Amino acid sequence: MLSQLRGELLKLATVRTTWVFALGTSLLIVLVVTLQAATAGGELMGPLDDAATQSALFTSSTVSPIIAIVFGTLGLATELRHHTIVSTLLVDASRVRVVAAKGVAALIAGAVLGAVAVLVAAVAAALALAVTSTAPTVAAADVAVAGLGTIAAASLGALFGLGVGGVLRNQALAVGVVLLVLLAVEPLAGSLLPAVATWLPSSLTTIVAEAGAGTDTSRWAAASALAGYGVVATAAAAVTLRRIDLT
Amino acid sequence: MTTLRIEHLTKHFGDTVAVDDLSFGVRPGVVTGFLGPNGSGKSTTMRALLGLLAPTHGSATFDGHRYRDLRDPAHRVGALLEADAFHPGRSGRDHLRVLAAAARLPARRVDEVLDTVGLAAAAHRHAGGYSLGMKQRLGLAGALLGDPEVLILDEPANGLDPQGVRWLRDLLRHHAGHGATVLVSSHLLAEMALIAEEVVVIRSGRLITHDRLEAITGAATGAQVDLRTPQADDLARALRRAGGEVSAHGDGRLVVRSLDAPSIGRIAREADVELHELTPRTASLEDAFLELTS
Chain A
1 MLSQLRGELL KLATVRTTWV FALGTSLLIV LVVTLQAATA GGELMGPLDD
51 AATQSALFTS STVSPIIAIV FGTLGLATEL RHHTIVSTLL VDASRVRVVA
101 AKGVAALIAG AVLGAVAVLV AAVAAALALA VTSTAPTVAA ADVAVAGLGT
151 IAAASLGALF GLGVGGVLRN QALAVGVVLL VLLAVEPLAG SLLPAVATWL
201 PSSLTTIVAE AGAGTDTSRW AAASALAGYG VVATAAAAVT LRRIDLT
Chain B
248 MTTLRIEHLT KHFGDTVAVD DLSFGVRPGV VTGFLGPNGS GKSTTMRALL
298 GLLAPTHGSA TFDGHRYRDL RDPAHRVGAL LEADAFHPGR SGRDHLRVLA
348 AAARLPARRV DEVLDTVGLA AAAHRHAGGY SLGMKQRLGL AGALLGDPEV
398 LILDEPANGL DPQGVRWLRD LLRHHAGHGA TVLVSSHLLA EMALIAEEVV
448 VIRSGRLITH DRLEAITGAA TGAQVDLRTP QADDLARALR RAGGEVSAHG
498 DGRLVVRSLD APSIGRIARE ADVELHELTP RTASLEDAFL ELTS
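Residue numbers (the numbering used here), protein chains in the order written: chain A, 1 to 247; chain B, 248 to 541.
Honestly, the hints are just simulated from the structure, not real lab data. All values reported here derive from a predicted model rather than from experimental measurement. Check each hint, because a few of them may be wrong.
One side of the interface only, derived from the structure: several residues of chain B facing chain A at Cβ under 7 Å [what the hints assert, rightly or not]:
| no. | residue |
| --- | --- |
| 1 | G311 |
| 2 | Y314 |
| 3 | R315 |
| 4 | P320 |
| 5 | H334 |
| 6 | R337 |
| 7 | D341 |
| 8 | V345 |
| 9 | L346 |
| 10 | A350 |
| 11 | R351 |
| 12 | P353 |
| 13 | L361 |
Glycine included, each C-beta is placed from N, C-alpha and C at the ideal position.
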């Protein structure tokens, strides 16, 4: 299992896609911080000394779990697309063990993506305060907790994405379905059935990342639900992989 | 040394029968060619052997064990099934590093097999930019990575240049000579005739024949004996009495089918006929294959 995990992590490190996701996420967060800083308080180049404004800057990384879900869908779907799953299964014929190794690799990769996002957001926010000569008023502990939440949400989000990709098996279809659910279905559900929408993946990642701010759902409940989604989706992917013939 | 056994293997895809009650064995120390027309079930059989698809009935085993039950299978079995089963954005070297890491093989083994297959110079290029021959070499490198005692190769000579084909031939013979079990499918029948010592022929998923290469080509109707004698008419009569099919080509030349060279020699001696030439000519593997699968 450890050797399989090493192989899976090496797979992620040796393709450009992984670095494109990390770079793209970083650039997106820099853009978000810049725009938030430029429009703080509802005015152009407004003051940044308000704690809520600073908190928003430092937690700009909360978008990263959504990106991690999309990244996760590629884990199994890409292997099936390029038929590299054959060489993977020739090394370890246990399909359940292969999916388990991929699941752990997705948790690690998601966490790293979240950590990069948290770091970039922190640096960008600190730069924004430095450039505007604003003293920090946000509590460091709150920023740290939100950062840990973001890392956890990104990690669990990548696991969920892996499972979805493994069940759908088609890379383009998996990414398309995930984007459709995250960007269209969930917002629609949020306006029509807000109680249900809270428990959908995107909402859960937001709650975990932002420590449940603004909702009645606790961070731990949201994290448990997100972990449940990830485990169920990945188990479904393992069952799917076990049942298919690789022709 | 490992023996492969396919026993009553049957595989259905919906209403299509890809492999139909197929049984044969592959023994160590020889290269066994696996032949059949397109869609005859060769790849399906190989994939069933490697645990990539589940048989409908029957079994495919290595010394009685299914592939998925082998401990460290990459150390025992090397396989090449598809020429382009790589992530196009990953370098050839990284592709092998991934396999080596998962199989608990040392990183130096990657450079060794890259050297073996002649791909060291292109190892850092993306596999997506490789030619078909280079992809085949990378696939072969993957198969050789664990220094396995069993090689299962599906069309390994596709896309290889003449030097590559000769290299592959030497490689397979070398492995078999050291006790490896080698099962290789190919449409290049002339090449297969140079590599294989035993041949399995299937058609529509069913076994047509499994025998030594010489036996298969010798049994084909293309097999004949050319001879030359100053007493062609006398010998032709004697050979026909013994069941031979004889055709005369002038100048004392006869072509005989249905009798082998030792029998013809004995008949000539008994008929007190002088022989100036006696040359057995076997059918080509292509002749035999077309006859068996038509």
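Taking the hints in turn, this is what the structure says about them:
1. With a least beta-carbon distance of about 16 Å to chain A, the hint placing B/G311 at the interface is violated under the 7 Å criterion.
2. Interface hint status for B/Y314: upheld, as the beta-carbon distance to the closest one in chain A is roughly 6 Å, under 7 Å.
3. Proximity of B/R315 to chain A holds as hinted, the smallest CB-CB distance being about 4 Å (cut-off 7 Å).
4. Given the 7 Å rule on beta carbons, the hint for B/P320 holds: about 6 Å separates it from the nearest Cβ of chain A.
5. Interface restraint check: B/H334 against chain A, minimum CB-CB distance 5 Å, threshold 7 Å, status holds.
6. Interface restraint check: B/R337 against chain A, minimum CB-CB distance 5 Å, threshold 7 Å, status holds.
7. Evaluation of the B/D341 hint against chain A yields a held restraint, the C-beta minimum of about 4 Å falling below 7 Å.
8. At about 5 Å, the closest approach between the beta carbon of B/V345 and any beta carbon in chain A falls short of 7 Å, and the interface hint on this residue holds.
9. Below 7 Å, beta-carbon pairs count as interface contacts, and B/L346 has one with chain A at about 6 Å; its hint therefore holds.
10. This hint holds: B/A350 has a C-beta 5 Å from the nearest C-beta of chain A, less than the 7 Å allowed.
11. Interface hint at B/R351: satisfied, since its Cβ lies 5 Å from the closest Cβ of chain A, which is below the 7 Å cut-off.
12. Proximity of B/P353 to chain A is violated relative to the hint, the smallest CB-CB distance being about 12 Å (cut-off 7 Å).
13. Annotation: B/L361 was flagged as interfacial toward chain A, and the flag is violated, the nearest CB pair being 15 Å apart, outside 7 Å.
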